[in-house]
Amino acid sequence: MFPILLMIHFVLLISRQGKVRLTKWYSPYSQKERTKVIRELSGVILTRGPKLCNFVEWRGLKVVYKRYASLYFCMCIDADDNELEILEIIHHFVEILDRYFGSVCELDLIFNFHKAFYILDETLIAGELQESSKKTVARLIAAQDLLVENAKEQASSITNMIAQATK
Amino acid sequence: MVSCRDMIRAIRACKTAAEERAVVRKECAAIRAAVSENDQDYRHRNLAKLMFIHMLGYPTHFGQMECLKLIASSGFPEKRIGYLGLMLLLDERQEVLMLVTNSLKQDLNHSNQYIVGLALCALGNICSAEMARDLAPEVERLLQNSNPNIRKKAALCSIRIIRKVPDLAENFMKPAGAFLGEKHHGVLITGVQLCMDLCKASSEALEYLRKHTKDLVRVLKNVITSGYTPEYDISGITDPFLQIRVLRLLRILGQGDADASDVMSDILAQVATSTESNKNAGNAILYECVETIMSIEATGGLRVLAINILGRFLSNRDNNIRYVALNMLMKAITVDGQAVQRHRTTILECVKDSDASIRKRALELLFLLVNDSNVKPLTKELIEYLEVCDPEFKGDLSAKICSIVEKFSPDKLWYIDQMLKVLSEAGNFVKDEVWHALIVVISNATDLQGYTVRSLYKAFQTSSNQETLVRVAVWCIGEYGDLLVNNIGELDGEEPLTVTESDAVDVLEAALKRPSFDITTRAMALVALLKLSSRFPPCSKRIKDIIIQQKGSLVLELQQRSIEFSSVIHKHENIKSTLVERMPVLDEAAFVGKRAVSSAATLSSEKSNRKSSSGIPLNLPNGVSKPAAAPLVDLLDLSSDNAPTPSASTGDFLHDLLGVDLMQNSPIQGMSQPTTTGTDVLLDLLSIGTPPVQNNSSPKLPSSPQVKILPQLSPLGVASPKLSNTSGSVKATIQDTKPTSNAPPVIDLLGDLGSNSSMAEENVPEYPSIVGFQSSSLKIMFSFSKQPGQPQVTHVQATFTNLSSNEYTHFIFQAAVPKFVMLRLDPASGNVLPANGGSITQHLTLDNKQHRQKALAMRIRVAYKVDNQDMLEQGQVNNFPPGL
Chain E
1 MFPILLMIHF
11 VLLISRQGKV
21 RLTKWYSPYS
31 QKERTKVIRE
41 LSGVILTRGP
51 KLCNFVEWRG
61 LKVVYKRYAS
71 LYFCMCIDAD
81 DNELEILEII
91 HHFVEILDRY
101 FGSVCELDLI
111 FNFHKAFYIL
121 DETLIAGELQ
131 ESSKKTVARL
141 IAAQDLLVEN
151 AKEQASSITN
161 MIAQATK
Chain U
1 MVSCRDMIRA
11 IRACKTAAEE
21 RAVVRKECAA
31 IRAAVSENDQ
41 DYRHRNLAKL
51 MFIHMLGYPT
61 HFGQMECLKL
71 IASSGFPEKR
81 IGYLGLMLLL
91 DERQEVLMLV
101 TNSLKQDLNH
111 SNQYIVGLAL
121 CALGNICSAE
131 MARDLAPEVE
141 RLLQNSNPNI
151 RKKAALCSIR
161 IIRKVPDLAE
171 NFMKPAGAFL
181 GEKHHGVLIT
191 GVQLCMDLCK
201 ASSEALEYLR
211 KHTKDLVRVL
221 KNVITSGYTP
231 EYDISGITDP
241 FLQIRVLRLL
251 RILGQGDADA
261 SDVMSDILAQ
271 VATSTESNKN
281 AGNAILYECV
291 ETIMSIEATG
301 GLRVLAINIL
311 GRFLSNRDNN
321 IRYVALNMLM
331 KAITVDGQAV
341 QRHRTTILEC
351 VKDSDASIRK
361 RALELLFLLV
371 NDSNVKPLTK
381 ELIEYLEVCD
391 PEFKGDLSAK
401 ICSIVEKFSP
411 DKLWYIDQML
421 KVLSEAGNFV
431 KDEVWHALIV
441 VISNATDLQG
451 YTVRSLYKAF
461 QTSSNQETLV
471 RVAVWCIGEY
481 GDLLVNNIGE
491 LDGEEPLTVT
501 ESDAVDVLEA
511 ALKRPSFDIT
521 TRAMALVALL
531 KLSSRFPPCS
541 KRIKDIIIQQ
551 KGSLVLELQQ
561 RSIEFSSVIH
571 KHENIKSTLV
581 ERMPVLDEAA
591 FVGKRAVSSA
601 ATLSSEKSNR
611 KSSSGIPLNL
621 PNGVSKPAAA
631 PLVDLLDLSS
641 DNAPTPSAST
651 GDFLHDLLGV
661 DLMQNSPIQG
671 MSQPTTTGTD
681 VLLDLLSIGT
691 PPVQNNSSPK
701 LPSSPQVKIL
711 PQLSPLGVAS
721 PKLSNTSGSV
731 KATIQDTKPT
741 SNAPPVIDLL
751 GDLGSNSSMA
761 EENVPEYPSI
771 VGFQSSSLKI
781 MFSFSKQPGQ
791 PQVTHVQATF
801 TNLSSNEYTH
811 FIFQAAVPKF
821 VMLRLDPASG
831 NVLPANGGSI
841 TQHLTLDNKQ
851 HRQKALAMRI
861 RVAYKVDNQD
871 MLEQGQVNNF
881 PPGL
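Listed in order, the protein sequences are those of chains E and U. Under UniProt numbering, think of the first position of the first sequence as 1, with each following residue one higher. Under UniProt numbering, think of the first position of the second sequence as 1, with each following residue one higher.
No lab work stands behind these hints: they were computed from the structure. These figures come from a predicted structure and were not determined experimentally. Treat each hint with caution, since some may be false.
Said to hold, decoys possible - Okay, the calculated beta carbon distance ranges per label pair: (1) U/S146 with E/A151: 20 to 30 Å; (2) U/A22 with E/S103: 31 to 41 Å; (3) U/S203 with E/E153: 49 to 59 Å; (4) U/E170 with E/T159: 44 to 54 Å.
Note that the Cβ used here is the ideal one computed from N, Cα and C, for glycine as well.
Full structure from sequences and hints, please.
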């Protein structure tokens, strides 16, 4: 059997107050474990000083985190993976979010959490990087959003038609 | 019903957790109602709400089926939210997930690329092994789709499939190879990633993909020389993500293959020299490049280049880069230890960094760099730092210093000096085995005992709050108090010290009375006082008073010791001096050996036999956690392994046992027995009555080799069963014990002990060993033995042998027997079976109540894990030899 080389085990977005804003699990963790992991990690990461390095060793794995305004972006990787690259991936994801929301803030991610997930799913699959071009991701998301918009319009026009017909 | 946005607003407006729970409860109730009404219009809105509620940590299992329904609907918006919910609310271990397989299959064949994309993404993120098998052909086909968006998603999806079902790897080999010729970066990145997983999963794929080394080199070269491309540019570097992945795949291909390594060495040199190192992206590439150079069959020049990059990293001001450098240097040690040694001083500085992650890495690296020539200066630096470092780091640091000192100490004097320094600075942080080991060393260093006890006395004056230091000091003053006051064995250059007898007693009294110390320390102080009472006759009155004060102690252990010791002082003046004689030299080799064994957590099977024969719960499956054996107990317990079963004809078993043990043990233990003859029954009994030493290194009684036998004797009242915590107390109750009344249980005890002893005394029939169970992966052998006088009881030694090439972990053997048989399972010797013939043993005792009427039979069940997959095997054993 070969060792499973999973690049990213999970992605976690935590606010400075310790509220969870987004979680994505690429390795199987039960609901109970997830809660525990989040609690444990927010305890460690939120208390670290600003000048320290962006890596935390944790349960034989490594958590790479970076703070953007009030949000901590965390990704958990194997102990011998390239931490510096993960920092770039985090930044890559943030830039895509930024481009999509237009200078993204925590509130955007709260009220449009599903959008954040869609963007993440265009960036990573199976814990691996999917696309290195921010433009491509933006294009794919925009195309899918358009599909949804069109469907909505169609639905509302049908509702209108029905409403008018049954008046 | 409110919109999702309004619900989020309502939740955010909550001031307390209780308010939030109320809002969530209300929403969940509404959603449940909608679910049971099979409401279609708001299904996607409800699921969106559920996802938010799920993120807050509330249970949302009732929404799982809603995901499936949305996925099965035809529109893109419904599918999009449905798949998102599926990935969020479910994971691969839920049965419900299987129900989605059919929808997935349809969507993978959909004409809309975005719907195919959704299905691939969901499959790639959460598919289980069964789904992987079912849908692999679809994904394989999609690898050749004309749309790059679908191709790249299919590639990552394939990775998940291969991770779940490695057998499928070969199917993906050819399409993956084709990916390496792609132009689209997303496809290239995912393709390279797929190749890496294939290489790990199958050696055939590795060989196949090695032929593409040149393609990869070309890809890398194109990226490096492409010039500015805004779409992929990150701080002046073109697509670092692609570069890093190609370097990583090159590492796998070059490992152990000189030709492939040769093909890539030029481009590696180019990356290593031309990549900008002032931004994180560049350093990430350099990191990967160095790793690759270290792993492949690189030339010396290339390696120098790599190590130099690490040197630059190490002197970088950015904490991240330094952290990474320390990590990589750890790997580089095996490649070029000398080069890493050059950075020793910088690494030492990192140990003192304010960042815990860096400190920890640096300490581990430094630990690997210690050798005979630099141990002294390094230890000095580390101990100096121990004095000033954060309390939370003291545990780690002192543990490392201790192991460095133990491993490399050039002489005992230096060892003792360093350990005393560590104990004075961080005595509250060190583990028990550290000071146990120190005591063993002191006990062996006859010429240093005087110096040591004086140093300890001095250290106590300044660091009396470090409990382990106090313990060692107390033990040594008890043993070598006379050396302390008479300045015996003074070393050259040792500062003269004047200590009166009453000063020494002061130390013990302080240790005894300090309320923050635990029972072990205080009990040790009591024993030391008893010892001093005969060594310092002028102080014996005072000592007696101190001991008597503890009569009123609320701690049972102290109270009992106090009463017993007072009784020894009052009534048994004639034997006291023998009782409190100095401890025999502790056997260093046995201690080290036993410690290694106990730290590996594998207890020998004989030991577990004895353990369960002392009445600890029966029918233990193996893998049960056993109480950790304190090293010193082990040190002293050699005797019962070697004690032959007394012949059945001997009348006085107890006496026999004692006699035998006394003769046996002296040579084995290397302990001089102060008891000169076997006639002094009282002393013999005392030696038996020593309770087992646990968590405590103080075997203060002159002879305690028989400790291990105690558990069997304890029910007899020889020793109070309550006293298991600490050792060394002399039992006043012993006088009441009549050896004769003990005879029958003692026979039992010997019966249990005898499984590994010679059985020549009686005609015990021999039984052939059998293969109880055999499958392609596992063999179980049973060998049998019986005790004389107990024909109905069969002792079975089961040996489990791993026939496969995978390691088994969490191995548990369970057995069931007919009603007329009593089965007792002792803990197994371990719960891990190494691959290819690794084995463990377990002892079973079968008591056949219908001996000679019914034959034995057994049903067995074996559970273990291979690579974290649960395995289960069962069988029946009917081939027991007749007569058991």
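Right, here's what the structure says about each hint:
Look at U/S146 against E/A151: about 25 Å separates their beta carbons, and that is inside 20 to 30 Å. Separated by about 35 Å at the C-beta atoms, U/A22 and E/S103 satisfy the suggested range of 31 to 41 Å. With their beta carbons about 55 Å apart, U/S203 and E/E153 fall inside the hinted range of 49 to 59 Å. Between U/E170 and E/T159 the C-beta distance comes to about 53 Å, which sits within the given range of 44 to 54 Å.
Figure legend: structure checked against the earlier numbered hints; every hint is met.
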